[in-house]
Every structure is written in C-alpha cells, then in structure tokens.
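Student: Build out the structure end to end from the sequences listed, making use of the hints.
As given, the protein sequences belong to chains G and W, one line each in that order.
As numbered in the working numbering, residues 1 to 151 make up the first sequence, in order.
As numbered in the working numbering, residues 152 to 379 make up the second sequence, in order.
There's no promise every hint is true.
Unchecked claim - Below, a sample of chain W positions facing chain G; criterion: calculated Cβ distance under 8 angstroms:
#, residue
1, L165
2, L169
3, P194
4, L222
5, L322
Unchecked claim - Covered, in the sense of this in silico footprint (three residues per stretch, anywhere, with C-beta under 8 angstroms from a C-beta of chain W), are these stretches of chain G:
#, region
6, 17 to 29
7, 47 to 55
Stated by the list, open to error - Derived, one-sided and incomplete: chain W residues facing chain G with beta-carbon distance under 10 angstroms:
#, residue
8, I189
9, T193
10, T199
11, I202
12, V207
13, F223
14, F278
15, A323
16, E363
Note that these hints are calculated values from the structure, not bench results.
Since this is a predicted model, take the numbers as computed values, not measurements.
Virtual Cβ for every residue (Gly too), placed ideally from N, Cα, C.
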Amino acid sequence: MTTTIGLIFFLAAIGLCVIGIGGIVLSRNLFRMVLALAIAEAGANLLLVLAGYRWDAVAPILDPDQMPASMVDPVPQAMVLTAIVIGVGVQALALTLVIRVRQRYGTLDMHLARQRMAAEIDASAGIAPDRSQEQPRGERPLPAPAGGGHD
Amino acid sequence: MMRNVTTLLFLGGLGFMLLVITGTLDFGAPPMRIGTQIQQATPGDVGTANIVTAVVLGYRGLDTLGELSILFAAATAGGLVLGSAAARARPDGGFILRAGADLMFPLLLVAGLYIVMHGHLTPGGGFQGGVILAAAFFLPLLARPRTAPGHRWLMWIEGLSGATFIVIGLLALYRGEAFLTPLLDRGTLGELVSGGTLPLLYLAVGLKVGAELAGLLMRLAQDDEVAS
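Tutor: Encoded structure:
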C-alpha cells in the first residue's frame, strides 16, 4: 500500500495526465491541444519514474570508490529518456501541421478551420455548400440552389 | 454540452482507474527485479558508470536505434510539411540578442559536447547534449535571421552520424556478436575512456539529435509567419 507521500506524488502525476487528456479533448484551439499533449506526456513520464523509485536510494550511477546500498531502478529512467525524445519529435511534427493549418485557413480554432476546409473541398470539387435536403420545419422556403450545382 | 459531460466522466474514470492501479503499488519498493540485476551486472558487462547509459545503449541499443528512426521520421515529415526554408526578410534580432548569441554560442557548444562526451559517466548523454548543441546552432539564426541556414551541412552531419551508429552495430555482427554489442576494451570504471564503443555511440547520437533538432527549429522559426 502506498504511503501518504507516495500518494501525493502519484496524485500529481495522474492529475497531469488527466489535465492533459482533458485539454486535448475539450480544447478547440489547435495550439492548446499540442500544449495539452505535452502536459499529458509529462504526467505519464512522471508516473513511470515514480514506479522505479526506491526509498533511501541514489541515482543509478556507479561510483568506483564506494558502492551505495541501493539505487533507483534504471530501467524506467531509460524508458522515460526514450519517451521524452519521442515526445519532442511528435510535438514538433504536430506544431508543423498547426503552422500549416494557420497559414492555409488563417485560424487556430478547430471548428472554424474544419468549416473552411470543407468549403474549400466543396469549391474545388465544384459542388454547392452542404445544406439540408429535407423541407425545413415551419413552412420556410428552401434556399435557392447555388449556381453551378448538380441537380 | 453533452460532449463535455461525457468527457468529464471519462476523465474522472481514467483518474480513478490510474489511482486504483497505483494504489496497489508499494511506493519506494519497485517490484521489478530486472533493475537490480542490471545494476549488479553492469560493471562487468558494459563498464559504464552511468547505468541508464548501459541500459539505453548496451542492453537495449536496438530500441535506441528505433527511437532515432522515429526522431528522424518526425524531422523528415516536418521538413516535408513545411517545405524548404529560405531566409526571409525578418526584423533583425537587435543588439542585445546578437551580442548574447555571440557570447552564448561557444559556451553552449562546450557544454553540449561535454555532456555528450561524459554521457557514460554522469547524468546526461547524447540526447540531452544534442539538444544543447541544437540550441547553440539555433541561437545565431534567431539573432541574425538574414543569414542563410546551412541545411546541407546539417544533413551531412545527421546522415554520417546515423550511419556511424549503424556501422558500429554491424561491426559487432562481423565479430560474431549480437547487433550493437559493446566492443573494445571496457577500461576502468569511471574513466573518460571506458565502456568500449558506448561513448562513440553516444557521440553519434548527440550529433544526430543536435543536427536534426537544429534543422527542425530553423524550419519552424522561418515558417512561423502567416502567409495570408
């Protein structure tokens, strides 16, 4: 069973994970989503490092003069080293895509960018913007079909 | 609204699940026994003072090669998405940034190379030192945006260091050992020249990571202006 101090550490790591994933799902701004991804990664890395912690232990570096009694587990640390580097690569790639979206559609808002992207695809395919095929409620007239539509 | 509620429910469930899982762990006494075995075997097997380096390059060198490939793929994809970066007319960095960059460049270079070269002795290594090297080469570009970045130069460093990593691994195969087995004499523990080929591998990793990240940062910095 975990002690109080261990619980605090684990709570911090889990909190970072939850905040990050919540930010990814709830945020509409693309750049904030990338930042939330970085926070979630930090939480996961902290969780991994905590899993290898040992009481009264030193960093896993051998000293030729004196051998300490115990060292923390080196395997999670090596894994976290790998995870950090891969995280940097993924974030850089995500940022390049965000930059491209902003250059193309002039916004970082996900919904706006999606609308503009759909409008652009429709325009390049030569079809009218998406609208309801059903009779609207309340006896309102259907909007007149845009020019160049396929009917 | 509904989406937010379901998201919050999911997040609460995720946090609760992680809390329950970690609650069963004995904090401060990891159940994994491989770590202790590696600690006991490292001085005889690999001969590096830093056991994390022994894990990263000695025991799991193949994973590190895969990690380098992922970083390479990310950097290549970033370059593909952003296109070739050309020097743009951007405002000059100003006197303070220019003087600071001139002052910091040699210091960052020395610190980065030191961390790379001592990766098998102290906390640090190719990845950490490589990031500092990337910062060293990125800083002058921020201060003087009009100078053309040396992409071709960086590409050569990156390719050659990556090839060196693989060639060192293949040499072990030639000697009849497994891929990326540490070769050469292990030396005395804690000396600069010890650990066989691991310092060479970490030097290759450091140069590769530094060149890759520097190229990526240069592309990002030169493409941050909105075209519209």
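Student: Next step is simple, just say for each hint if it's right about the structure.
Tutor: Status of each hint after checking the structure:
{"no.": "1", "hint": "L165", "verdict": "6 angstroms, holds"}
{"no.": "2", "hint": "L169", "verdict": "5 angstroms, holds"}
{"no.": "3", "hint": "P194", "verdict": "6 angstroms, holds"}
{"no.": "4", "hint": "L222", "verdict": "5 angstroms, holds"}
{"no.": "5", "hint": "L322", "verdict": "23 angstroms, violated"}
{"no.": "6", "hint": "17 to 29", "verdict": "holds (count 6)"}
{"no.": "7", "hint": "47 to 55", "verdict": "holds (count 7)"}
{"no.": "8", "hint": "I189", "verdict": "6 angstroms, holds"}
{"no.": "9", "hint": "T193", "verdict": "7 angstroms, holds"}
{"no.": "10", "hint": "T199", "verdict": "8 angstroms, holds"}
{"no.": "11", "hint": "I202", "verdict": "4 angstroms, holds"}
{"no.": "12", "hint": "V207", "verdict": "5 angstroms, holds"}
{"no.": "13", "hint": "F223", "verdict": "9 angstroms, holds"}
{"no.": "14", "hint": "F278", "verdict": "5 angstroms, holds"}
{"no.": "15", "hint": "A323", "verdict": "20 angstroms, violated"}
{"no.": "16", "hint": "E363", "verdict": "9 angstroms, holds"}
Hint check: violations occur at hints 5, 15; the rest are consistent with the structure.
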